[in-house]
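As given, the protein sequences belong to chains A and B, one line each in that order. Per numbering that gives the first Met the number 0, the first sequence starts with residue 0, numbered consecutively. Per numbering that gives the first Met the number 0, the second sequence starts with residue 0, numbered consecutively.
Read the hints as simulated data drawn from the structure, not as lab findings. You may find that some hints are simply not true.
Derived DEER-like restraints, expressed as beta-carbon distance ranges [said to hold, decoys possible]: (1) L247(A) / R132(B): 27 to 37 angstroms; (2) Q72(B) / A179(A): 47 to 57 angstroms; (3) V281(A) / D70(B): 40 to 50 angstroms; (4) Q24(B) / L247(A): 49 to 59 angstroms.
Virtual Cβ for every residue (Gly too), placed ideally from N, Cα, C.
If you want the building blocks of each chain, they are given just below.
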Amino acid sequence: MKRRGLLISAGLLAGAGLLVGVGLRAPDPRSRVGAPRRQGLALNAWVTIDPQGQVTVAVPRAEMGQGIHTALAQLVAEELDADWNQLRVQNAPLEALYANTALVLNVLPLQPDDDGLIARLARGGGQRASLALGLQLTGGSSSVRDAWEPLRLAGAAARHLLLQAAAARWGVGLEQLRTAQGFVIHGAQQLAYGELSAAAVAFSPPTALPLKARADWKLIGHSPPRLDLPAKVTGQARYGIDVRLPGLRHAALRQAPSFGGTVVGFDIEAIRQRRGVFDAFVLDPGTAVVVADNWWRAEAALKAHPPRFHAGPRGSRHTAEMRATLARALDQHDGTGFRDDGDAPDVLARAERVIRAEYELPFLAHAALEPLNCTAQVSQGQVKIWCPTQVASLARWQAARVAGVAQDAVSVETTYLGGGFGRRLETDVVEQAVAIALRCDGAPVRLLWSREEDFTHDVYRPMAMARFEAALDGQGRPLAWLNRVAGPAVGAEFVQRQLPAPLKGWMPDLPDKAQIEGAYELPYAIPNLRVRQLRIPLGVPVGNWRSVGHSVNAFFTECFLDELALAAGQDPLHYREALLQARPRHLAVLRLAAHQAGWGQALPPGRARGVALHESFGSICAQVAEVAIGQGRPRVLRIVCALDAGTLVHPDSVRAQMEGSILFGLTAALQGEITIEQGAVQQRNFPQQPLLTLAETPQIDVHLIESDAPPGGVGEPGTPPTAPAVANALSTLIGRRIRRLPIRLD
Amino acid sequence: MHAVYACRLPNHRFPMSALHKIDLQLNGHAQALELEPEMPLLWALRDELGLTATKYGCGVGACGACTVQLDGQAARSCQLPLGSLAGRTVTTLEGLAGDALMQRLQAAWLAEQVPQCGYCQVGLLMAAHALLRQQPRPSEAQAEAALGNLCRCGSYPRVRRALARLWA
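Just chain B, with the same shape it has in the complex (with noise of 0.2 angstroms):
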């Protein structure tokens, strides 16, 4: 249930290389992409797919606001290179529209009026999605561990209270 993090993108080197063909589960479906391998996945989804919902809020894996689950597990997607990928499920959260823990989740946001500005829930509704499918009644503990997610806003103390709304 923790973050993945793939290994940091080296900074100072970014030749231009060429593009490759990578395959992947993307929200249900096959997805071809055909991109420099380097390329982090965050990218991939906002500006080549338009699925814009994952956000950009550091690009070095520290803030969680790009967090997408990789064969189910969280994960920031500015840390995920393409070419790291091949053959695996990602999911965004548009891809978990229908998903029934997704919808108790929001609703548990709206009943407790989580969000103020809202740019980094959706990074914290997806890493306590991939928390609560591992641990229905995570301890305090394992959720704080899970959502080290940043909020500049201060909505903790309601998310604390919405995710406690889940096991009432």
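Extracted from the complex, chain A is given alone in its bound form (with noise of 0.2 angstroms):
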């Protein structure tokens, strides 16, 4: 008997408190759109026009190199009918309905492809409550999900409202109207937008918006220009670190070195006397910062006068300790279930052979090339914030907070991101950054972490160890898969960063999607499947790194599958095709990737070809990578990927997006690994923890799906299979397993 076994987060429940009772349908996008306002020519809550034609898109979303920015112009400037060339982007203001309602669908534990009754509530409840908290987030490969339906019925109801101005103003019925390229045209007369946007905000939209259909999109699927590169490319793109005001002063900082540390001493006195320093003080017990007029010169006084730490409580904890931590939980405690397909363990009981395996994972840094830093200032009982972050709302709530003042006091103006990969919907710069600057006479000061500080105060990726139990039946297909995953519970880790210091402890332990994504969810069609997670903290902080669980269990999983195949003397990749009868999508991908990497095909000698597939965040992706090994180490070749991702608003972006999250990915497989000695990370900069270079890059062909679902998420689903892919493969080539990484030959 198959049984889905089905989760549902009591946390979810008690913090949205929202669900219960009528509305949990999905919000309705149309409610989203917003009104026209005469004040700026505000045609919706989306669009602005100005009398020149000059066209504003009101973005929500930090711009990190997704290219989001411009996928989501395009989606407005699309059914808008406009100009291209006219279209300009500028930062949303902080208000309900910009939140992104489509992040919070990552957190929930379902199945991706459940429709069931429970799973449409979760979600429609889900969605509801991040509009109503006003959640201001970029994550989660969910900026084009969240927009596809809401802007593009906002460059619809726009240009509505143009037509109608237009129509009056000639004194012709709607339907003699047509648009184009940033006109009105009856005829041969025209009207720019421009002339018309002044008269078009007294008209309201019908309730009723058709679409274009797909066939009419020129610029959806199409891949124009980024908005942000001319910027990037002539040195004029402002970064949180660029941001310059008057009287600007600059902030450096060392915490403590190990997690819980304090400052047991720091020679203020000394540093005051020191040319530029304003300042100098503990800001926190585990927190020294100097203000100067120059970085450098606030860098170069903590230097001449390191402060002094007390390595705190976990002071002498160490990697070893913890993999150990992590493997004694396995052995003593069967987990919490998150799958539970049939009956896994009787299956195994019975089983004449089961195969076993232990797989293992190193803590990550994000490492973004733009350290950690926040502008603050605080005057006047106004907080102004300027930053690089994912989350604008959260850094408006915690800089009120730190600040004593109400949140409709502070403002937040997101700059570009240097990367963000996660790290930066974390508010720790920011509440020090405010800390700082209410020591500042109401100067504006930013506050700029060290690279050092940046590597060793991460939230890194969490260390993970797998067990899998399996059995085959007669054809070598798997009867039974039995994992546990053992590691630090990241969502609730992150969720417990938010909360003010009185409720951080009262966090009950909860079932946590984001440790176990990617490991519950498998397409493989295997009757008996228990899946169970056990949330072992570390004492390290943990977060969202590109692709978050995923970037774990895909590892896990498609490693272990090809044990199996392996096991039952079968090829990978028609090992997998077996088991996604049932999927076409999946199958889909796989057979793409595998047949424009020649899958099958003979290749020279000392070569091999390893396969994954792994489905995250809306979408399905596939790699094969093809190795080699050069003086003991892997060389990576050539890496094929083939994804779906349902509607392609940006296909050249898409492609973007997976060569980088394949390089990110392919750099933690060969390279990443953060240790930790006597309570503290030992890789401090770049060269102990390095990443690949243009010359140790494969070459790497995308391969596209096209398709008429809406759009799946971009910016993380690459990362996942890449590792298994390239781990596969050496597995091939040197007859033993590779369980761990990164990968090691010797």
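Starting from two chains that each stand alone, build the complex the way the hints lay out.
Here it is in structure tokens:
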């Protein structure tokens, strides 16, 4: 009997509160369009057109290289029939209407294809809660998924107002008009949008707004030049680190090397004598700060007079002990369930042969190229923040709390981000900057972390350890699959950091989808499938790292699946195909990658291919890696990638995201490892934790499936399959299974 | 065409030294500075002169985000103490706005839509420009040696394609 084990997180129900009662369907996208406003010639909350015809699209999401400023503008501009050359974007204000309703979908512990009543209620309720809370957040590969309907509606609504204005001016019916490239056209007459917008704001759009047919798209599905790139190639793009203000002060800091350590000595008086130094102080028990007129002078002061720290209660922690903790947990506890189809333990108990394996993964750092920074000014009861942040809403909330003001006394300006990858979902640097600004007599101050602080005080991709047991049927297919994964509850720890201090210890120990995602949603036809998690805190801050739990569980599951294929004496591609007969989309992606990679064709000696398939964030990705070994080290020659992400709004950006997320995953597979000794992270800068360079970049071929389905996520789904594809290939070459990363061949 | 690395700054001793007058050529004009001689050029550019195109990525000369040109060669400005720059010629991206080769590079970068977050790209463009000035058609090996800049977003495949456009 197949039974779907479904878990509703009690935390979701408790926290949202709005899930009880009526209205649990997804919010009507039309409710997110907004009304016209005379002020600023806003045709609705998303589109403004000035008299010169410049079209400004409000973007409530952070641009960190994933191209969503451009993609969101495309959605509006398509339905508006705007001239792309007239388009620009501007940060949206922090208002509930701009909330991200799709990001919450990532945290729901559901199967991706679950369309049952409870799943729909959970999704609808989560989306409504996100809107009500005004959560303006960028992450979870959700921006385009969230914007897909409301922004096209906004463009269509704005166009309709312009049509009404033109119809009134010409005294003709709407049906006699058409639009193109920023003009309303009536036969030989035309009026530019800029000439109409002032009149247009007096009208109201109809409730029924038909959207364009796919065949009529001129922007969506095409790749107009990204709006932010010209400034990025001239050096004019303004990142958080580039904010310049009159009287700007610069702050540098040192945080206790071991987590939970405290400052016990800091030569404040000596530092205050130094040129350019405004002040030096202990900001909180673990943090020493210098404020100066130039960041180098602040850093130099800290180098000349380094604070002395007491290691604190976690000051003896080390990696080996943490691995032992996870192993012991797996020895002693069964874990809590996330999926339980059939009766895997029973089948395994009766099986002639059980295949077992243990896998593990290290902590990983984000290492975005722009180190953490935030600029803050507190003056006359007003707080201003300039920050490369993925969470403008949370930044405002935390800033208000630290400064002791109401939220509407806080303004947040989101700059470009020099990379995010989930690190800038955290508000630690915002809270610190505001606390420092409170001590700067109303002057603005930019807090910039050094690269060393950024590496050693990250929120890391968690360490994890997994154990598998499987039994095969007479045809070699998996009959039973039991997977237990031990590691910190990354989702819960993220939420806990947002809570005010008195509530931090209150978080109940709840099932954590973020830790186990990728392990329990397997698309393969396995009749007895049990997945359980062990939530084990390790005393190291953990957070969302590009693709989150999928980065861990894709490696575990796709490598173990290859072991089963090997045990069955079957080709890993065909093995997967046989298990995906009920999953045509997965099968198509897998076959596309395999075909393009020439799977099955002979390779020169010393080379091997490996395959991996993984679904995450609403998209399905398969990769085939072709590898060799040179001078005892892995050489990745080529990665072929196939992606089904539904409708592709900007195909070229999708390709770029695949290339980038593959290199992100490849760096981790070959070189990524954060270790802890004496409670402190050992890797302080790039020489200790190198990134892949241009010289080490393999050939990457991306193949995109054309689809009519709504857009899936794009920023993260390319990362999970890379490490297992490479590991599977190398395992074939060296004749033993690679079960941990970074890959070591010795 | 290799990046020029000055001696590594000693991290453990930062006494407060006297200000020095340092005169150098910056972006085609004479620039007089009166600053600590051990202050890296990077921070003089960014915080003293407001030239923010040149970025801070690591402070140890490993990432290349701070790449400028020193006497025509690519150099990592976080490793260039001001005291070593008297009489030298420094060029930042701001100073190459009218440069024909840089404009061709930027056009190629846009044609291939190279940048993602873009933070590392100024350093990459400066290194690529210095390379191409010395070697208009570099080999793969020469390009790889000159372009050791780190990119976390993974723009490298497009960097290769953009460079290839320049001699197509």
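- Beta-carbon spacing of L247(A) to R132(B) - inside the hinted bounds 27 to 37 angstroms or not: holds (35 angstroms)
- Task: Indicate whether the distance between the beta carbons of Q72(B) and A179(A) respects the range 47 to 57 angstroms.
- Result: Holds, since Q72(B) and A179(A) (Cβ atoms, about 51 angstroms apart) stay within the stated range.
- Message: Verify the CB-CB distance for V281(A) and D70(B) against the hinted window 40 to 50 angstroms.
- Response: holds (44 angstroms)
- Query: Does the Cβ-Cβ separation between Q24(B) and L247(A) fall within 49 to 59 angstroms?
  - Reply: violated (27 angstroms)
Violated hint for the displayed structure: number 4, the only one.
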